[in-house]
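Trainee: Listed below are the residues making up each chain.
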Amino acid sequence: MIAQLVCLLLLIIFYMLQTAIFSQMPLISGTADLILLFFAAWTLQERVKYRWIWVVIGGLAISAISAMPLFAPLIGYAGVYGISKLLQRRVWQAPILAMFIVTLAGTLFQHGVYILSLQVSGAPISWGVSLDHVILPSILMNLLFALPMYALVNDVVGRLYPLEVEP
Amino acid sequence: MKFLKSKNIQTFIIIALVAGVFFLSLSGYLTPVFNLSLNPLISFQSWLSVRYLSAKDFLTAPRELTTIREQNALLESQVTQLQTQLIQLEEQLSEAQVCFTLLDFARTNPQYEYIAATVIGREISPFQQYIFIDKGTNDGVLYGMPVVTQQGLVGRIDAVMANAGRIKLITDSTSVVNVFLQSAGTEAQLYGSLTGDVTLDLIPLEEVVEVGDVVLTSGLGGNYPPNIFVGQVLSTQKLDNALFQTAVVQPIVDFSSINAVLVIANFQAVDYSPLLPEE
Numbered sequence: 001m002i003a004q005l006v007c008l009l010l011l012i013i014f015y016m017l018q019t020a021i022f023s024q025m026p027l028i029s030g031t032a033d034l035i036l037l038f039f040a041a042w043t044l045q046e047r048v049k050y051r052w053i054w055v056v057i058g059g060l061a062i063s064a065i066s067a068m069p070l071f072a073p074l075i076g077y078a079g080v081y082g083i084s085k086l087l088q089r090r091v092w093q094a095p096i097l098a099m100f101i102v103t104l105a106g107t108l109f110q111h112g113v114y115i116l117s118l119q120v121s122g123a124p125i126s127w128g129v130s131l132d133h134v135i136l137p138s139i140l141m142n143l144l145f146a147l148p149m150y151a152l153v154n155d156v157v158g159r160l161y162p163l164e165v166e167p
Numbered sequence: 001m002k003f004l005k006s007k008n009i010q011t012f013i014i015i016a017l018v019a020g021v022f023f024l025s026l027s028g029y030l031t032p033v034f035n036l037s038l039n040p041l042i043s044f045q046s047w048l049s050v051r052y053l054s055a056k057d058f059l060t061a062p063r064e065l066t067t068i069r070e071q072n073a074l075l076e077s078q079v080t081q082l083q084t085q086l087i088q089l090e091e092q093l094s095e096a097q098v099c100f101t102l103l104d105f106a107r108t109n110p111q112y113e114y115i116a117a118t119v120i121g122r123e124i125s126p127f128q129q130y131i132f133i134d135k136g137t138n139d140g141v142l143y144g145m146p147v148v149t150q151q152g153l154v155g156r157i158d159a160v161m162a163n164a165g166r167i168k169l170i171t172d173s174t175s176v177v178n179v180f181l182q183s184a185g186t187e188a189q190l191y192g193s194l195t196g197d198v199t200l201d202l203i204p205l206e207e208v209v210e211v212g213d214v215v216l217t218s219g220l221g222g223n224y225p226p227n228i229f230v231g232q233v234l235s236t237q238k239l240d241n242a243l244f245q246t247a248v249v250q251p252i253v254d255f256s257s258i259n260a261v262l263v264i265a266n267f268q269a270v271d272y273s274p275l276l277p278e279e
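Protein sequence lines, in the order shown, are assigned to chains U and L.
Using my numbering, you'd call the opening residue of the first sequence number 1 and step up by one each time.
Using my numbering, you'd call the opening residue of the second sequence number 1 and step up by one each time.
Everything hinted at is true.
FRET-style restraints, in silico, Cβ to Cβ:
1) U/Val56 x L/Val79: 46 to 56 Å
2) L/Ile68 x U/Tyr50: 52 to 62 Å
3) L/Glu76 x U/Gln119: 49 to 59 Å
4) L/Leu65 x U/Tyr50: 54 to 64 Å
5) U/Tyr50 x L/Arg107: 52 to 62 Å
None of these hints come from the bench; they were simulated from the model.
Idealized CB from N, CA, C, for every residue including glycine.
All chains should be modelled from the sequences, with the hints used to inform the complete structure.
Mentor: Written out as structure tokens, the structure reads:
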């Protein structure tokens with residue numbers, strides 16, 4: 001229960017930081033996505049139960065607030081969760097490497113969903129310009145913040161679920 | 001030897017000796033003698049002085065150090081307080097300057113009623129150009145209301161909640177604004193883009209558009225009131241096989257650093273969707 005409350009609190013804090021600060025610090029036209037990084041780091045924690053619930057709740061809440069059409073944020077974050085689940089058992093010996101891979105693949109997937117949903121809704125967005133001006137800078141920014149985010153979430157989860165030491 | 005006992009002679013001898021020593025000293029012949037005699041004295045005096053000062057420091061320094069530390073802590077706390085006050089005053093000054101400029105704009109455009117709002121955030125997706133404000137339906141903000149700053153057009157209210165609103169900026173890729181080129185005397189459409197650049201399209205080929213031409217809202221379409229400053233023409237492009245010429249516009253508003261906006265409350269956006277033919 002405490003873990004769920006902490007997750008909710010972190011989600012709110014990261015959303016506020018994202019909209020107030022990180023979305024206003026673009027690299028070309030790309031920005032870091034703290035929510036994506038938080039979900040990537042949170043879903044990589046095997047000790048946490050019901051990780052998907054907060055991905056759904058967070059995705060729905062952000063879809064409601066965001067101007068993105070067709071619940072694109074929810075689909076994007078669900079994709080991050082899916083990639084995380086796929087990688088969790090395969091690169092379990094190097095969780096930081098898994099975090100980087102989830103960040104990279106998750107950002108690509110999320111932005112792909114965003115572009116498709118905007119194109120479906122009639123926005124004149126091209127893949128080439130998106131790749132140059134938004135996707136690649138966003139990947140770079142996300143990879144920069146991936147390590148501190150993973151360290152933070154790992155530390156929080158370590159405090160919430162301390163490992164049992166055998167006597 | 002009796003004459004030596006005479007006082008005058010003794011006095012003369014003493015004077016002669018003193019004068020001799022004095023002249024020897026002046027001529028430098030006595031320097032080695034002085035050195036030999038003074039050096040040990042100087043060494044001893046310096047040793048004594050160093051020991052005295054060390055002892056004095058040892059006895060007095062701890063008390064002074066404590067006092068200095070206390071004073072330093074006090075001064076540091078005062079400096080921190082003053083810095084905090086300075087930051088608060090600078091923030092208040094900045095807000096006051098923004099308020100004054102917005103008030104100035106409102107005074108120069110008295111035909112509209114304004115709702116001043118503070119920008120509290122930006123859209124999470126980098127593909128869209130939206131900002132959030134701290135005023136909503138509780139403050140009279142409604143969907144479709146145009147938004148300006150003291151400089152010019154910002155966008156329009158795209159979504160609104162009780163205490164917050166979302167503004168679609170004119171730089172968004174789905175934004176279209178009907179504008180009027182003041183010098184050329186022609187109308188055109190202003191489009192946003194993914195990168196935040198804005199371009200003019202649908203300018204007739206025969207019109208002469210020059211760099212620096214002022215772009216104002218035309219009021220056509222009913223989404224924005226007329227004659228609101230949008231920007232200036234930065235460059236033009238005229239292709240031989242194109243139906244219209246295009247131009248890149250430098251917006252007058254710096255969208256990366258908007259702190260406060262004015263929502264035009266008494267402008268009724270025209271909903272012409274019933275006039276559109278049904279598909």
